[in-house]
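Asker: The primary structure of each chain is shown beneath.
2 protein chains.
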Amino acid sequence: MADSDKTTDERAEKLVQRAERVAALIEKRDFHQLRDDLIKLEPADVAEVLGSLDDADKAVIFRIVPRPLAKESFEYLDVEQQKSLLNALGDSRVAIILNEMSPDDRTALLEEVPAQAAKQLLQLLSKEERAVALTLLGYPEGSVGRLMTPEYLAVKETLTVIEVLEYIREQGREKGDLDVVYVTDANGKLVDDLNIRELLLSKFGTKLSEIVDRKYVSLSATEDQEAATQLFKKYGRPALPVVDSGGHLLGVVTIDDVIHVIEEETTEDIHKLGAVGALENAYIRTPLAELVRKRAGWLVLLMIGEMLTATAMGYFEGEISRAVVLALFIPLIISSGGNSGSQAATLIIRALAVGEITLKDWSTVFVREVISGACLGAILGAIGFLRIVMWSLFFNIYGPHWFNVGLVVSFSLFAVVVWGVLVGSMLPFGLKRVGIDPATSSAPFVATLVDVTGLVIYFTIAARLLGGTLL
Amino acid sequence: MADSDKTTDERAEKLVQRAERVAALIEKRDFHQLRDDLIKLEPADVAEVLGSLDDADKAVIFRIVPRPLAKESFEYLDVEQQKSLLNALGDSRVAIILNEMSPDDRTALLEEVPAQAAKQLLQLLSKEERAVALTLLGYPEGSVGRLMTPEYLAVKETLTVIEVLEYIREQGREKGDLDVVYVTDANGKLVDDLNIRELLLSKFGTKLSEIVDRKYVSLSATEDQEAATQLFKKYGRPALPVVDSGGHLLGVVTIDDVIHVIEEETTEDIHKLGAVGALENAYIRTPLAELVRKRAGWLVLLMIGEMLTATAMGYFEGEISRAVVLALFIPLIISSGGNSGSQAATLIIRALAVGEITLKDWSTVFVREVISGACLGAILGAIGFLRIVMWSLFFNIYGPHWFNVGLVVSFSLFAVVVWGVLVGSMLPFGLKRVGIDPATSSAPFVATLVDVTGLVIYFTIAARLLGGTLL
Numbered sequence: 050m051a052d053s054d055k056t057t058d059e060r061a062e063k064l065v066q067r068a069e070r071v072a073a074l075i076e077k078r079d080f081h082q083l084r085d086d087l088i089k090l091e092p093a094d095v096a097e098v099l100g101s102l103d104d105a106d107k108a109v110i111f112r113i114v115p116r117p118l119a120k121e122s123f124e125y126l127d128v129e130q131q132k133s134l135l136n137a138l139g140d141s142r143v144a145i146i147l148n149e150m151s152p153d154d155r156t157a158l159l160e161e162v163p164a165q166a167a168k169q170l171l172q173l174l175s176k177e178e179r180a181v182a183l184t185l186l187g188y189p190e191g192s193v194g195r196l197m198t199p200e201y202l203a204v205k206e207t208l209t210v211i212e213v214l215e216y217i218r219e220q221g222r223e224k225g226d227l228d229v230v231y232v233t234d235a236n237g238k239l240v241d242d243l244n245i246r247e248l249l250l251s252k253f254g255t256k257l258s259e260i261v262d263r264k265y266v267s268l269s270a271t272e273d274q275e276a277a278t279q280l281f282k283k284y285g286r287p288a289l290p291v292v293d294s295g296g297h298l299l300g301v302v303t304i305d306d307v308i309h310v311i312e313e314e315t316t317e318d319i320h321k322l323g324a325v326g327a328l329e330n331a332y333i334r335t336p337l338a339e340l341v342r343k344r345a346g347w348l349v350l351l352m353i354g355e356m357l358t359a360t361a362m363g364y365f366e367g368e369i370s371r372a373v374v375l376a377l378f379i380p381l382i383i384s385s386g387g388n389s390g391s392q393a394a395t396l397i398i399r400a401l402a403v404g405e406i407t408l409k410d411w412s413t414v415f416v417r418e419v420i421s422g423a424c425l426g427a428i429l430g431a432i433g434f435l436r437i438v439m440w441s442l443f444f445n446i447y448g449p450h451w452f453n454v455g456l457v458v459s460f461s462l463f464a465v466v467v468w469g470v471l472v473g474s475m476l477p478f479g480l481k482r483v484g485i486d487p488a489t490s491s492a493p494f495v496a497t498l499v500d501v502t503g504l505v506i507y508f509t510i511a512a513r514l515l516g517g518t519l520l
Numbered sequence: 050m051a052d053s054d055k056t057t058d059e060r061a062e063k064l065v066q067r068a069e070r071v072a073a074l075i076e077k078r079d080f081h082q083l084r085d086d087l088i089k090l091e092p093a094d095v096a097e098v099l100g101s102l103d104d105a106d107k108a109v110i111f112r113i114v115p116r117p118l119a120k121e122s123f124e125y126l127d128v129e130q131q132k133s134l135l136n137a138l139g140d141s142r143v144a145i146i147l148n149e150m151s152p153d154d155r156t157a158l159l160e161e162v163p164a165q166a167a168k169q170l171l172q173l174l175s176k177e178e179r180a181v182a183l184t185l186l187g188y189p190e191g192s193v194g195r196l197m198t199p200e201y202l203a204v205k206e207t208l209t210v211i212e213v214l215e216y217i218r219e220q221g222r223e224k225g226d227l228d229v230v231y232v233t234d235a236n237g238k239l240v241d242d243l244n245i246r247e248l249l250l251s252k253f254g255t256k257l258s259e260i261v262d263r264k265y266v267s268l269s270a271t272e273d274q275e276a277a278t279q280l281f282k283k284y285g286r287p288a289l290p291v292v293d294s295g296g297h298l299l300g301v302v303t304i305d306d307v308i309h310v311i312e313e314e315t316t317e318d319i320h321k322l323g324a325v326g327a328l329e330n331a332y333i334r335t336p337l338a339e340l341v342r343k344r345a346g347w348l349v350l351l352m353i354g355e356m357l358t359a360t361a362m363g364y365f366e367g368e369i370s371r372a373v374v375l376a377l378f379i380p381l382i383i384s385s386g387g388n389s390g391s392q393a394a395t396l397i398i399r400a401l402a403v404g405e406i407t408l409k410d411w412s413t414v415f416v417r418e419v420i421s422g423a424c425l426g427a428i429l430g431a432i433g434f435l436r437i438v439m440w441s442l443f444f445n446i447y448g449p450h451w452f453n454v455g456l457v458v459s460f461s462l463f464a465v466v467v468w469g470v471l472v473g474s475m476l477p478f479g480l481k482r483v484g485i486d487p488a489t490s491s492a493p494f495v496a497t498l499v500d501v502t503g504l505v506i507y508f509t510i511a512a513r514l515l516g517g518t519l520l
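Residue numbers (this note's numbering), protein chains in the order written: chain A, 50 to 520; chain B, 50 to 520.
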């Protein structure tokens, strides 16, 4: 039975059916049929089934499926689920899983459990595996070292293709992915990363030294994982080697792990753009206290910034009391500045994040944004003016000086939008320049900055144009 | 010379040096040395060098490097650069490149050039390649079909491992990546996708039918590329097969293309969150007119929404003229609601996008957000109250009723923050429910919604608490 899912809808329907069937079999305690069903699934699908069950049932399923499937499924669970499953299993099962897990996935698990639990888990490892685990945990959090696995296939350049193929057949089972073969010289220094393709396209008798092109791209164990994701995007490789300063192989990073790092990094960026401190876990599993804390910080900071609007408006209290009509347009004007600033910041932050533009492009961006801002400001200013004129022709809500009020609102909109666009587009450059993540200039942050200055712009224009009439 | 880049900094420095060296060699017209330099680089690096040059110099470099390197480098250029380079090259060169390009990369190029130019380019293809190109272009934009390549390795299940290895050596050069071998039955239906690892770990005489587990995950050519990215994330495969409704192989999608789709999708989501219409090209290459158009739409819509604030405040004009002090806190109160709403929307939209939560979690989220909102509202309300009390102890800026004003501001902040959090967290669910992308509930959109209602909340509370004294 080929497990061919033809369309997105069929696939979703199948997931629902599968979950129902598993639940029914567990209900009936028909573990024999359950096992037969599960071994037909991909490990990632078994993990998905496990994810929907409570810990006791998880542990049951875990005991009835064959060991290799259990271990592989475990690797597809997210860390939170791994932790709760380990609690539900006995020490001997935990030992088996931990010892058989890929070292990189194990690092991800160990770095998330509390120090005391990590210590206990390390005790369950064999001497060799413990040494590996401790080495990987020795690299700083968020570094390439935490992402790498020391399971890779390295061969000497003096071997022939057929010798390598024989070596793979004998030893390859312990060597992780085999998409790339790492060729080393007599001193163990990396000479080349050979895609398995190159090997398979060569004659059996060919020496590796004849195939290698001695060009490779490598990572350092201590550099940031973000650097690794950039290289994977640029070079499109299935795996990249990690070498020490002497050029010796320490391990490899594979693209499937990198996809998850990219997702995590993007989530962090998006949260920053929304002025939320980066959460450690998934939203739904973040404790409420942490959720409030991560949001309160920025919210309070923004509020303190926004208090300056009250101070600014205090200076114009006289104007407001003389012309209450001016107060009516305050939200409209400051929010237009905030919105146009948010748009500009979003565009620039993302362009910086994907490397489309760099710091040196600031002047090009400045010119583009001045022009864009002027166009947008003109559009909004015109609409604001029309709205006041049209309402005033039918109702007497903006008083006898409605035409001048319209001009004030219109000019203010123009000026505030241009200002908002400039602040929004230049702030990310400024932050990056001083070494702060540009994504910190979130939409709310830019809006708050523009609110305060927007008020000053509005009342200054009002004082100019309405002095002697309304003011 | 092993091209080992050890750290992020060294790598960046090297890029600068390389660009300078290439520029100097072009300046000197020392093409011999330039060629020697370039053939030591990875194709992605050659593409990077090309990217920094003008079209004439690009074309020169393109003619001096060996054909396979030229073709591979071309595939790493982005579509805009590919277009301009094709313009600078003669028809015969263009024909060579187009015929040798991977069909999936060629599709990406052809779908971006104007219809007339695409027609001309198609004329340059051989009969076979033109048929392939037209088939791929026949799938809808954004579909899996546009992403797939028909270059894959398919073998019958009756073959032995050694027979497959021999077949690969003879035919594999035309078959794209060789990480996965596709096994078909006598009728050409897909039986299994076999990782090359499985093949390499088996004895030469083993029949494929003994290795296959008949489990595979497949895509449909017409489904959305987003569905493909979800499957790649879930299963962590280097490639996924695309089959028709009869289970016959149409092509494969590889993970390196998927990484770019993920990046594009994320950019679109982030732009939406910032209330910008998705740009077709990179920010820096988007024509100014388009840039303005993509931003004006949302900005005008938001402004029209925000005009309701002027209408709402019109109803409270009497209150404002009696108590101008109330106007001072308008920006503070509505922006606090907007900011807390933006935070909530950001968290929920991202959690929905990565599949952490689904529609059915809305009630859990509702409870969590009511509690979070109440906590955040209490914090902001307390700070607002303290600020007014402390200022009033030293200055007489908020009048004789400062204590009551403080209470009004404090209660309003609490109510507006709770309301903002609820709108921000529930709106994405509502949009998704009716089939609209949740990311549409951008920070500015939520802020605008909350601004209007926030004013009504503020003045209603003010009327209650200040009636008889200030009002």
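Don't take each hint at face value.
Cross-link-like lysine-lysine pairs, in silico, PhoX-like; alpha carbons within 25 Å at most [said to hold, decoys possible]:
hint, chain 1, residue 1, chain 2, residue 2
1, B, Lys252, A, Lys282
2, A, Lys89, B, Lys89
3, A, Lys224, B, Lys252
4, A, Lys264, B, Lys63
5, A, Lys63, B, Lys264
6, B, Lys89, A, Lys120
7, B, Lys252, A, Lys252
8, B, Lys63, A, Lys409
9, A, Lys282, A, Lys205
10, B, Lys63, A, Lys238
11, B, Lys282, A, Lys63
12, A, Lys264, A, Lys252
13, A, Lys176, A, Lys224
14, A, Lys89, B, Lys63
15, A, Lys282, B, Lys63
16, A, Lys120, B, Lys63
17, A, Lys282, B, Lys89
18, A, Lys205, B, Lys205
Keep in mind the hints are simulated off the structure, nothing from the lab.
Asker: Could you run down the list of hints and mark each one as holding or not?
Answerer: Here is how each hint holds up against the structure:
{"no.": "1", "hint": "Lys252/B to Lys282/A", "result": "violated (36 Å)"}
{"no.": "2", "hint": "Lys89/A to Lys89/B", "result": "violated (47 Å)"}
{"no.": "3", "hint": "Lys224/A to Lys252/B", "result": "holds (17 Å)"}
{"no.": "4", "hint": "Lys264/A to Lys63/B", "result": "holds (15 Å)"}
{"no.": "5", "hint": "Lys63/A to Lys264/B", "result": "holds (15 Å)"}
{"no.": "6", "hint": "Lys89/B to Lys120/A", "result": "violated (42 Å)"}
{"no.": "7", "hint": "Lys252/B to Lys252/A", "result": "holds (18 Å)"}
{"no.": "8", "hint": "Lys63/B to Lys409/A", "result": "holds (18 Å)"}
{"no.": "9", "hint": "Lys282/A to Lys205/A", "result": "violated (29 Å)"}
{"no.": "10", "hint": "Lys63/B to Lys238/A", "result": "holds (21 Å)"}
{"no.": "11", "hint": "Lys282/B to Lys63/A", "result": "holds (19 Å)"}
{"no.": "12", "hint": "Lys264/A to Lys252/A", "result": "holds (21 Å)"}
{"no.": "13", "hint": "Lys176/A to Lys224/A", "result": "holds (19 Å)"}
{"no.": "14", "hint": "Lys89/A to Lys63/B", "result": "violated (50 Å)"}
{"no.": "15", "hint": "Lys282/A to Lys63/B", "result": "holds (18 Å)"}
{"no.": "16", "hint": "Lys120/A to Lys63/B", "result": "violated (42 Å)"}
{"no.": "17", "hint": "Lys282/A to Lys89/B", "result": "holds (20 Å)"}
{"no.": "18", "hint": "Lys205/A to Lys205/B", "result": "violated (34 Å)"}
Against the hints set out earlier in the document, violations occur for numbers 1, 2, 6, 9, 14, 16 and 18.
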